[in-house]
Structure formats: C-alpha cells, structure tokens
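Trainee: Read off the chains here:
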Amino acid sequence: MGNVWEFVEFSLLGLLSGGVLALIGLSFVLVYKGTRAVNFAVGEIMMFGAYMYYAAHVTLKLPPLFAFAVALGLVTLLSILIERAVLRPLAGQPVISVLMATIGLASVLHGFVEAVWGGDTLEVPPLVPRMPLRFAEVVIPGAALGNFAIAAALITGFLLFFHYSRTGIALRATASDPVTASTMGINVRYAQRLTWILAGAVGTMAGVLIGASGGLSPLLASTALSVFAVIILGGMDSVLGVIVASLLIGWLESVVVGYFGGKVRDVLPYLVVLAILVVKPYGLFGSRDIERL
Amino acid sequence: MRIGVFHETYASEERLWDSRTQRIWMAVFALALFALPLYGSDYVLAIACIIGIHIVATLGLNITTGSTGQISLSHAAFMGVGCYTVAWLARWGVPFYIALLAAGALTAVIGVLVGLPSLRVKGLYFAIATLAAQFILTFLFREWVPVTGGVGGITIARPTLFGFEISGDRRMFYLIYFCVFLFAIASANLARTYIGRAFVAVRDRDISAEILGVNLLRFKLLAFATGSFYAGVAGGLIGYFYGAITPDYFSFTLSVFYLAAIIVGGMGRVLGSILGAIFMTFVPELLRAIAHTSSEWLPGIANLLLPMGQVVFGLLIIGFLIFEPHGLSQLWSARVRRLFHLWPFKT
Amino acid sequence: MDMAVASPIVAHVPPAPQVTTAVPRTPGLSLAVEKVDLAFGGIKALRGVSFSAAAGQITAVIGPNGAGKTSVFNTISGFYRPAAGRILLGGDDVTAMPVHARAGKGLARTFQNIALFRGLSVLENIKLGGHHLMKAGVLSAMAYSRAARREELALREEVERRVIDFLEIDHIRHRSVDVLPYGLQKRVELARALAMRPRVLMLDEPVAGMNREETEDMARFILDVQEEWGVTVLLVEHDMGMVMDISSHVVVLNFGEVIASGTPDEVRKHPEVVRAYLGDES
Numbered sequence: 063m064g065n066v067w068e069f070v071e072f073s074l075l076g077l078l079s080g081g082v083l084a085l086i087g088l089s090f091v092l093v094y095k096g097t098r099a100v101n102f103a104v105g106e107i108m109m110f111g112a113y114m115y116y117a118a119h120v121t122l123k124l125p126p127l128f129a130f131a132v133a134l135g136l137v138t139l140l141s142i143l144i145e146r147a148v149l150r151p152l153a154g155q156p157v158i159s160v161l162m163a164t165i166g167l168a169s170v171l172h173g174f175v176e177a178v179w180g181g182d183t184l185e186v187p188p189l190v191p192r193m194p195l196r197f198a199e200v201v202i203p204g205a206a207l208g209n210f211a212i213a214a215a216l217i218t219g220f221l222l223f224f225h226y227s228r229t230g231i232a233l234r235a236t237a238s239d240p241v242t243a244s245t246m247g248i249n250v251r252y253a254q255r256l257t258w259i260l261a262g263a264v265g266t267m268a269g270v271l272i273g274a275s276g277g278l279s280p281l282l283a284s285t286a287l288s289v290f291a292v293i294i295l296g297g298m299d300s301v302l303g304v305i306v307a308s309l310l311i312g313w314l315e316s317v318v319v320g321y322f323g324g325k326v327r328d329v330l331p332y333l334v335v336l337a338i339l340v341v342k343p344y345g346l347f348g349s350r351d352i353e354r355l
Numbered sequence: 623m624r625i626g627v628f629h630e631t632y633a634s635e636e637r638l639w640d641s642r643t644q645r646i647w648m649a650v651f652a653l654a655l656f657a658l659p660l661y662g663s664d665y666v667l668a669i670a671c672i673i674g675i676h677i678v679a680t681l682g683l684n685i686t687t688g689s690t691g692q693i694s695l696s697h698a699a700f701m702g703v704g705c706y707t708v709a710w711l712a713r714w715g716v717p718f719y720i721a722l723l724a725a726g727a728l729t730a731v732i733g734v735l736v737g738l739p740s741l742r743v744k745g746l747y748f749a750i751a752t753l754a755a756q757f758i759l760t761f762l763f764r765e766w767v768p769v770t771g772g773v774g775g776i777t778i779a780r781p782t783l784f785g786f787e788i789s790g791d792r793r794m795f796y797l798i799y800f801c802v803f804l805f806a807i808a809s810a811n812l813a814r815t816y817i818g819r820a821f822v823a824v825r826d827r828d829i830s831a832e833i834l835g836v837n838l839l840r841f842k843l844l845a846f847a848t849g850s851f852y853a854g855v856a857g858g859l860i861g862y863f864y865g866a867i868t869p870d871y872f873s874f875t876l877s878v879f880y881l882a883a884i885i886v887g888g889m890g891r892v893l894g895s896i897l898g899a900i901f902m903t904f905v906p907e908l909l910r911a912i913a914h915t916s917s918e919w920l921p922g923i924a925n926l927l928l929p930m931g932q933v934v935f936g937l938l939i940i941g942f943l944i945f946e947p948h949g950l951s952q953l954w955s956a957r958v959r960r961l962f963h964l965w966p967f968k969t
Numbered sequence: 047m048d049m050a051v052a053s054p055i056v057a058h059v060p061p062a063p064q065v066t067t068a069v070p071r072t073p074g075l076s077l078a079v080e081k082v083d084l085a086f087g088g089i090k091a092l093r094g095v096s097f098s099a100a101a102g103q104i105t106a107v108i109g110p111n112g113a114g115k116t117s118v119f120n121t122i123s124g125f126y127r128p129a130a131g132r133i134l135l136g137g138d139d140v141t142a143m144p145v146h147a148r149a150g151k152g153l154a155r156t157f158q159n160i161a162l163f164r165g166l167s168v169l170e171n172i173k174l175g176g177h178h179l180m181k182a183g184v185l186s187a188m189a190y191s192r193a194a195r196r197e198e199l200a201l202r203e204e205v206e207r208r209v210i211d212f213l214e215i216d217h218i219r220h221r222s223v224d225v226l227p228y229g230l231q232k233r234v235e236l237a238r239a240l241a242m243r244p245r246v247l248m249l250d251e252p253v254a255g256m257n258r259e260e261t262e263d264m265a266r267f268i269l270d271v272q273e274e275w276g277v278t279v280l281l282v283e284h285d286m287g288m289v290m291d292i293s294s295h296v297v298v299l300n301f302g303e304v305i306a307s308g309t310p311d312e313v314r315k316h317p318e319v320v321r322a323y324l325g326d327e328s
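Residue numbers (our numbering), protein chains in the order written: chain G, 63 to 355; chain D, 623 to 969; chain X, 47 to 328.
Calculated from the structure, these hints are not laboratory results.
No residue lacks a Cβ here, since even glycine has one placed at the ideal position from N, Cα and C.
Keep in mind that a hint or two might mislead.
[As the list claims (entries may be wrong)] Which bits of chain X does chain D cover? Going by a derived footprint, with three or more residues having C-beta under 8 Å, they are: (1) 159–173; (2) 202–216; (3) 273–284.
[As the list claims (entries may be wrong)] Below are the DSSO-like pairs computed for lysine-lysine, each with C-alpha atoms no more than 30 Å apart in a straight line: (4) X:Lys-90 to D:Lys-744; (5) G:Lys-95 to X:Lys-90; (6) X:Lys-315 to X:Lys-90; (7) X:Lys-315 to X:Lys-151; (8) G:Lys-123 to D:Lys-744; (9) X:Lys-181 to X:Lys-81; (10) X:Lys-151 to X:Lys-90; (11) X:Lys-151 to X:Lys-181; (12) X:Lys-181 to D:Lys-744; (13) D:Lys-744 to X:Lys-151.
[As the list claims (entries may be wrong)] Cβ-Cβ distance ranges computed for the label pairs, FRET-style: (14) G:Ala-153 to D:Leu-723: 44 to 50 Å; (15) D:Gly-662 to X:Asp-211: 51 to 57 Å; (16) G:Gly-180 to D:Arg-645: 32 to 38 Å; (17) G:Ala-131 to X:His-284: 57 to 63 Å; (18) X:His-284 to G:Gln-155: 29 to 35 Å; (19) D:Val-650 to X:Asp-216: 33 to 39 Å; (20) X:Asp-216 to D:Thr-915: 33 to 39 Å; (21) X:Arg-196 to D:His-963: 27 to 33 Å.
Only chain G is shown next, with the shape it has when bound in the complex (with noise of 0.2 Å):
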C-alpha cells in the first residue's frame, strides 16, 4: 500500500507544477483574445525573461526583486518590438502568416538564447525556501509548494484585474470587439501593446520561477510544449479552460513520468497533443470560431 503514498505524491507535484503551467497559459490566452495573434513563441518569450533575470540577478549581482524588475522591462521592450515591427506590419494578412510569423519569432529568440549564454544549464540561487513538506510518507519539495503559492496568486491578481481594474475592463473590451472599444474612446493600439506587454511579464514570471527552481537552459522554452498541449486542451480562448488544463496536465505529466521513467517526458507532451486533438479536437472550454460566409 506504499504506492498510494507515491501516487498521492507524484500527483500533488503534478498539481503544483499545474500552477506554474498555467501562467505560460495564461500568457498565451492573453495575447489570444486580446490580440486575436496565435504566439507560437510564447515558451521562447518565457525563457528569454527568464535569461534576462539571470543575467540581471547572476551576472550583475543585482537583488532579486531589482533584477526581476530589469528582466521585466527588456522583456517589455521585446515585446513592444514584436508588437510592434512584426505583428502591426502583417496585420491585414491571412492568420497563418502571424502564425508562420511567431515560429520565426520562436527560432530566433532560441538561437540568440543558445549563442550568448550556450546549451548548458546555469545555476540560479532559489526564491522560495528549499525546506521540503513532509507528511505520511510524502515528501514535497519546498520549492514545489513556493512556486505553487507565487503562480497561485499572480493568477488571482490578475483576474482581479482583469474583472475590476478600469485598465483591465479597457482591455477586455478591445478583446471582444476593438472597433466597438475605439468607439468608447479606447486607444486600442495601447491596449494591444499593453496586452502583449502583459504577456511577457506573465510568461517571465513563469520562466523565472521555472529557471529559480529548476536550473536555467535553453530546454526551458519545451516546458512551453507542454503548455500547447494545455492551450489545446482549455481553448485558446478561455482562461478558465487553461488554468483547469494545466492543472490537468501537470498531474498527467508528473504521474506518467513518476512511473515510466525520465525518458517519456520528452515524448509525454505530444503524446498528449495528439490524444486530444482526436478525441476533443477544440479542447474542454474552448469556442469555434464561426467563419462567416
């Protein structure tokens, strides 16, 4: 009966690595909806934050919250770049461009990544404590828990905003209908901009805490493959779906490779992808977009 134990503890890690999948989420759904652009690049975004925190907190010594600070603001004027020399130039085109467009993105930002800092892991000092939680015969790592805690109430501030703030109601109006907001007197050329920005900072976060954790290396941006499993399981369009499905996958994933051995989690998101996309093709949340003839 040891294997309930182990199996209570692979699927709480599984949970809590959930949460942290599901900022990457959440980071794609926000540029979905506000933007209506698909970010292939969404896992390379993620580890270029998370390289530029190192370079920050490693590299110059700076303290965490300041050099998480500067990760943020490069990764801010990344995305204001993207935003603006890439998708406002291909805005009349068809949605495959923007997609084609987006794994460029992704290529570029891998190989830039790869030639200033190489294919090796680096070391990052951890932001939550190590102290591990132990009950019964389960052993949950401390940084496991943190992470959780942090991704947990990112996600709840930011659907506070979203629902709440003036900005965050400004950018949920651009999102369903941008020609009806400009009406409102809504500069929905900023709120694009601003979504994207906000995108980022999610994703950075989420590259952050992954790297503080985990160890930094280009490998990071294929976390984010298991987060197109996520997005193709939630919808691209529901933030409800997404946070349900990383909870979903992070479980999957922790259990399956708790079992089977370190070699299937490279194969594991895929696998995934294409289960689902047999069975329930539009995922559990998300809508079908109605092409009008």
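Take the given structure of chain G and dock chains D and X to it, following the hints.
Mentor: For chains D and X alone, coordinates are given in the frame of chain G:
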C-alpha cells in the same frame, strides 16, 4: 526583347514554357547543368547536390504548406522516415529506384496519418499536431535502436545501376537532378490542373471551396500525401548522398529551415521552391564562411553556428513575410523578368 | 485566317473550335425547402421555413436585415444542418448530402462577401467552378497525361465560350482577382458559379454595392442565364427595383419565418410585408 507572345490555341497557352525564348533558355540551362559534373570543382559539385536535395524537399513542403496552407512542422521528420526506409532496403539489396519509390510511399502514408487532424482543426492546433509528430518521430529515431541504429546512426549502401556503382558526388549529381527535374515538372503540372487549383482554394477559403465542390477531406490528405512523398524521396537521396546518417540531422531546426525556404522563395510556386532552396542552402554556408574567417580573432565562434543559423532562419521568415510575402519568385517574375521583357522600355 | 491587329496581351481566339465539346443540356431543377428549423445555441435563426423555387424560374428571397436569408442559403448549401425539415433538389432529398457533393447535383452559388480565391487568377477562379467535373487522378495530373490534358483543355474551352464570353470578362482573364474593382469581382464570382454547369443557381446579394449601371448589367446577365440556359435562379437581394423587375416569385422572410410569398405584385401590397419593412404605423 520579348514583344508579345502570340498563342493561336489554348493548348499552346497552357504549356509550361510558352514562348520560344523560354524554351531556348531552359535548354541552355539544362545543358549547363548536365555539363556541371564535367568541369565543376568538388566543392561546387557537393553544394549542387545538396541544393538539389533541398529543392526536392522544398517542392514537397510547398505543396503541403505553400499551396494548400497546412502548416507542417514535421517535414524534417518525414525526410527521416524516407532515409531510414532507404537504409533498410539498401541493406537487402533493393535497387535504388525501387527503394526511393518505397521510401516516398511509406512517408506518404505517415504523412496522411499526421494530416488527419487537419480535417477537424486548423491553424495553430494543426501546426501543433505536426510539431508533435516531428518530436515523436525523432524520439523513435533515437530510441528504436534495432531499426534505426539509435543515436549512433545508420549507414546506407551506395546505389547501383546495372552493377555500376553511383558513388561520388559527380555521379550522385545526375541521380539527384534527375529527381529534381521529375519532381519540379510534376509540381508544375499539378499547378496547371484542377488539383493544384483545388489546393490553393483550400488554402484561401476552404469553406467556399467545399461549396464549390472540392472534397476537403480528399484534397487536404492528398496535399499531405504528395508533400510527404517528396520528403521521403529527398530523405532517401540524403541517405545515398552522405552514406551514413544520424537522427539529429532531422531536427526541428531543419523543419524551420524548409519553412523559411518556402517563405523566402515564394509559397505555392515551383520557381519559389527552387529559388528558396538555393538561397537557404547558401545561408549556412555563408555563416560557416564567416565563422571560418573570423575564427582567428573570435575563437569558439564555431559553437555559435547552429544558434546563429536559427536566428537567421527566423529573421528571414519574419523579414520576407513582412516585406516580400510572395518571396523571391515574385521579385523575379514581377521585377526582373519584366525588365527583360520590356527593355529598352522601363514600364 | 485574317489576323488584323493581334493584341500582345490577350490570347487570340481562333474562329473554329479545336476540341469539340458537346456541353450537355442541363435544364434547371426545382428547389424546395420544407419546414426547415435552424438554431444556433439558443437563437432560432429559421422557424418552419417552407418555400419552393420553380424549375427554370427566378425566385427572390427578401426580408429585412437579420431575417435569415443567408442562413437559408447556407442551409441549402449544406453548411448548416437543419434541426428539422428537408431540402429537396429536383425532388431528391439532399438534406443529408455532404457539402461538396451538392455541386455534382447542380447546386451553385455566389457569396454575400466575395469569396474569390486570392491566390488564383480570374481564369483559374472560374475554372474552379468546373472542379466537380474533373476526373484525372493525381499521378495522371502530375504527368500531365493525355487524359489530363484533354480534360483541362475541354474545361478551358467550355469556360471561355460559355462563361467568359457571355459575361464579357475576357479582357481580365489573366489578372489577379484582388486588384479588380468590386463590380468585376462580383461578375467573376458569377462566372465561377456558371462554370459549375448549374441547374440551380443561388445568388446572395449579387448587386450589393453596385451603381445603377452595374446593377442593370448584372440584372441583364441573370435574366440571360435564366432564359438561355434554363437555370433555376434563387436570389437574395435588397434592391427592390431589381427584385420586382426580374423575379417571377418572391418569398419574404422576417425573424426567421416566411411571412408572405407570391408574385412580386402580390407581395408588394401584402400588409405583413409592408409592416416588416416600414414598421407599424401606430
């Protein structure tokens, strides 16, 4: 100067090379290509062979993604399938022409399987499915050791024609370019028949295409099967050319490479595939040359080759999408060719 | 053959056909919509809609915006599955038939928002109308075999003679569709529908956004199609003058229901119709 081309029949207008000037130039070009192995240097030959293989692969991706709009991020993995198939068949002494056909056919079947989700989902969802296929296939290449030789790779015996071994770049050149001609003409023919038009219709407005009578199921899968067939043959040619291959050749970066090739060259056009493949072949070569010349005062720059390549591929994709979405082939036909036709006039 | 001045841009069409194509006579079929219900989630787009379009005649469907006219078209096309009711084409029940198969039965249509394929020229767009007639396999096409070639040239021949000449668009046949003015785009869309050898032709707002002259041209073309080809025409349109002039039967929709049907004169005077368009006097 090409002053007006007079056609007296629809048949003559529908020809692939519809003017005498074009036909003469094509003949000259074909002759030069035929003679290349006789007077070209080793380096030129090797590059020409690689270009040829890239052209075949790019032609394939241009059918699946360029013409039909199904973004495929698994093209490199498909080439891998073709390569390993050829490796195995060569081991059993199967002649190369059958091995290549079989490689193409098997890859086409796998392509159809990967393309199945396209019937239910579009856009990003579908791109992610192909991404999944890319990584699952390369995982299999690495782990299924008895079949693929795992990470250590596999060797491929040289092709033979009636006991005459096709080894060395000079002979491979003919084999490769025979395939290039075959596949390029096949693609051009597709474009001037209802199948090619249906592909473009599926890409531009698939719902309207369906109402006009296009069976979406059939044509999306056909686009995948055909494009994958090309990829399988290209993979087989790579195997024969190098004689040995490891799984990390068929990486995601290579898929992005081909995506860049169709965007840079021009989506959905045969000339686009050719120009894109040529252009993209020279990008890593150029980077290598830069790394080589600057290695004296920038040691360790060789390590940067791969990531620099990734950066450049991505920038090319973004740049061309923004500034010249129809690619080099558009630059060629709209600007350069017009210049030749109208000279000495300018407009 | 006397060649006076040959234009370098337009292919010179010889007087005698090189490929004899006996285009089969395809007289119009009747179209009937029987008690169709259509709902999107909670919204009922169509409620018990029934009407029929007589073979070889021009029938118009009119109604205020949002009445459900395009929904009817999309249901007939097969894009929407009705929750109840049937669609009958020439007496055959096609309600369950897949969308792409309906072209083979003779159902053709144009779209409210122009749905031309930007990657193809005018000629290629029109040729796409003949898609359902083509039979060559993919290997045959790649080799451009004699069969494939014959098929293609026959299609080209038919499209040029029956459609391009008829709609007077030969001067733009090789142009890219996205540089054409709006009126010509609409005409190309009509041409594409005609290339399908239609037996029932559905036109969704064919003269929307056109000036008086363009509207008259289009009306003339539609009448010619119906008279010379014998095609059944089903028309959705807001231009009342045109509708009343050319249709023999009019169906009026409002809020997803048929509120009147009959000859143009009958419908014009119908109190329900007047109320739907002008609102209550009270």
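Trainee: Now, for every hint given, state plainly whether the structure supports it.
Mentor: To see whether the hints hold, each was checked on the structure:
no.	hint	in the structure
1	159–173	holds (count 7)
2	202–216	holds (count 3)
3	273–284	violated (count 0)
4	X:Lys-90 to D:Lys-744	28 Å, holds
5	G:Lys-95 to X:Lys-90	27 Å, holds
6	X:Lys-315 to X:Lys-90	28 Å, holds
7	X:Lys-315 to X:Lys-151	36 Å, violated
8	G:Lys-123 to D:Lys-744	46 Å, violated
9	X:Lys-181 to X:Lys-81	36 Å, violated
10	X:Lys-151 to X:Lys-90	29 Å, holds
11	X:Lys-151 to X:Lys-181	16 Å, holds
12	X:Lys-181 to D:Lys-744	28 Å, holds
13	D:Lys-744 to X:Lys-151	28 Å, holds
14	G:Ala-153 to D:Leu-723: 44 to 50 Å	45 Å, holds
15	D:Gly-662 to X:Asp-211: 51 to 57 Å	53 Å, holds
16	G:Gly-180 to D:Arg-645: 32 to 38 Å	54 Å, violated
17	G:Ala-131 to X:His-284: 57 to 63 Å	58 Å, holds
18	X:His-284 to G:Gln-155: 29 to 35 Å	31 Å, holds
19	D:Val-650 to X:Asp-216: 33 to 39 Å	35 Å, holds
20	X:Asp-216 to D:Thr-915: 33 to 39 Å	58 Å, violated
21	X:Arg-196 to D:His-963: 27 to 33 Å	31 Å, holds
Of the hints listed earlier, those the structure fails to meet are numbers 3, 7, 8, 9, 16 and 20, in rising order.
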